[in-house]
Amino acid sequence: MIVSINNVSKRFGKHEVLRDINLEIQNGEIFGLLGPSGAGKTTLVRQLVGLELPSEGENHLFGQKMPSLKLIEKIGYMAQSDALYTELSAKENLEFFASLFGLNGAQRKKRILEVMELVDLSEHLNKLVTNYSGGMKRRLSLAAALLHEPELLILDEPTVGIDPVLRQSIWAGFYDLKAKGKTLIVTTHVMDEAEKCDRLGLIRDGRLIAVGTPDELKTRTGSSSVEEAFLAYGGVQHEN
Amino acid sequence: MRIKALVIRIIRQFLRDKRTLAMMLVAPLLILTMLHLVFNGDNYIPKVGLVDAPDAVIEKLDLDDAKITEYDSLRSAKADATAQEIDGYLVFDGPMPDHIVLEGSDPSVNGAVMKWIQQATKSLLPAQGQMELSVDYLHGSKDMGQFDYFGPVLLGFFAFFFVFIISGISFLRERTSGTLEKLLSSPLRKWEIVIGYVLGFGIFTMLQATLIAWYAIYILGMLMEGSFIYVLLITLMLSMTALTLGTLLSAFANNEFQMIQFIPIIIVPQFFFSGLINLDTISDWLSWLGPITPLYYAAEALRDIMVRGYGWDAIYGNMLMLAGFSAVFIVLNILALRKHRAV
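Here the protein sequences come in this chain order: A and B. Residue numbers are given in the working numbering: position 53 of the first sequence equals residue 38, and the series is strictly consecutive. Heads up, the working numbering is the position in the second sequence plus 676, with the first residue counted as 1.
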């Protein structure tokens, strides 16, 4: 078990964003957090990266309590907004981020070429990020998160603004990473993307309303798609 | 080295953004030139010493509109003038005024003292009309212009202003664009971020300080009695406080516009208390603000060097204060980053 979230709640003032979340994520799986925007997905993953603290409860990664600087090196995080320096070229951005993780010289060069290959941006390496399209920026952000070969990848809406063909190839990349034994946590509000995850956590109004493989969720609710399953769980919530 | 990576990145960004670089380097020169061309003098209540003045004579003098101190030795009068306790003194030889000595570093004060002495001594020699007294200056000379006295303050002020705005907005953009979070989701320590910024911006700050000081002194011909190196040192130290204060306050702004709103609150008041307006003419209930502003110390030190020609002994106290401001702001910067990451 690589991630363990125990009784985590989060409040901003009086507003409760997360309520009593309990979740365990296994080594080597692709775990999807599915829910509408504003459900609390981003708040939850930001806690896992150490950018936010729970109001109650604890998050443990690799068996240690977050936040911890030692653990940060094992995590690759891609935020919802593209955190890139638009005045710089893609290469200069990646050189900078790689150096933060202690990558230098030939090793750094090699990794930059590898990740740019993975996100299919190799021919745009020396282009300024200002001249990148939205989808290209998204892919460059992903490349930046992969640079230091983290054990655990936490990706907040990684495929927003990326066309279906490219989305396929990026998911193929995710499966490659999984095959190498990496663990991925992906947030999404796109239902068909949820089908591609090994397991799913459904989040609504700060509550984790169901956890299971896409098939389990569908079977339990007698639905034919994840979308129907989500609605079925959400409906139960409303009746309470 | 992570700090090195940060420094290299900042340099690269700067070189790409030619306009910001130009604003930092050229705008201060432009404004200094304009002020150089427009500045004019003003009024002030002088502090005058009377040396060896007989009581009978003092009674005859018109002592209104000045703060008078009486001395019985030249030495104590000169000591007070050097310490800027008085602006100048009138030396008597028997019942007659003999000569005038002025502290001399502020031309508007010199003017006020001279004017007052003329008025006050009129009654002594009504028949002979205008009296010619010789005038000595502790600092400066009668050729010193208004700009020579204000110059050092302006030099410091514009260095401060532009570094504050540019560093503040850069750090703000790092916050709003999400790149600060990206940095904080890497093993980069919080202090490394702050020091990286100080060093990365420090390079351009140094360039700016050198350019402004060189331009003001050698092109505009600002009065320069002391050493160029000291001017550079003080300007650089002041810019450091501007840099660290700018990045600190960016934590309390949500966008560029809010950063600009700090100008009337943080920048403009410093201008008033930097000695540009004589501190004695500011109400007591406001004048305490002076000593808590960095520009106050920098202006004093710059004037000591450029107008009075003093050296290290006179400026090191002010320099320590500036270093202290920077150190405090750096620590507060690191603490402010805790908002984004607790460890």
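These are calculated hints, taken from the structure and not from any lab test. Model, not experiment: these values are computed from the prediction. Among the hints, a few may not be true.
Mimicking DSS-like on lysine-lysine, the simulated pairs with C-alpha atoms at most 27 angstroms apart in a straight line are [unchecked claim]:
1. B:LYS694 / A:LYS76
2. A:LYS165 / A:LYS50
3. B:LYS694 / A:LYS55
Going by beta-carbon spacing under 10 angstroms, a handful of chain B positions derived as facing chain A [stated by the list, open to error]:
4. ARG678
5. ARG685
6. ARG692
7. MET699
8. LEU737
9. ASP741
10. LYS743
11. THR745
12. SER749
13. LEU864
14. ARG865
15. TRP867
16. ILE871
17. LEU875
Ideal Cβ placement from N, Cα and C applies to all residues, glycine included.
Q | Numbered hints the structure breaks, given as an ascending list | A | 3, 7, 8, 9, 10, 11, 12, 15, 16, 17
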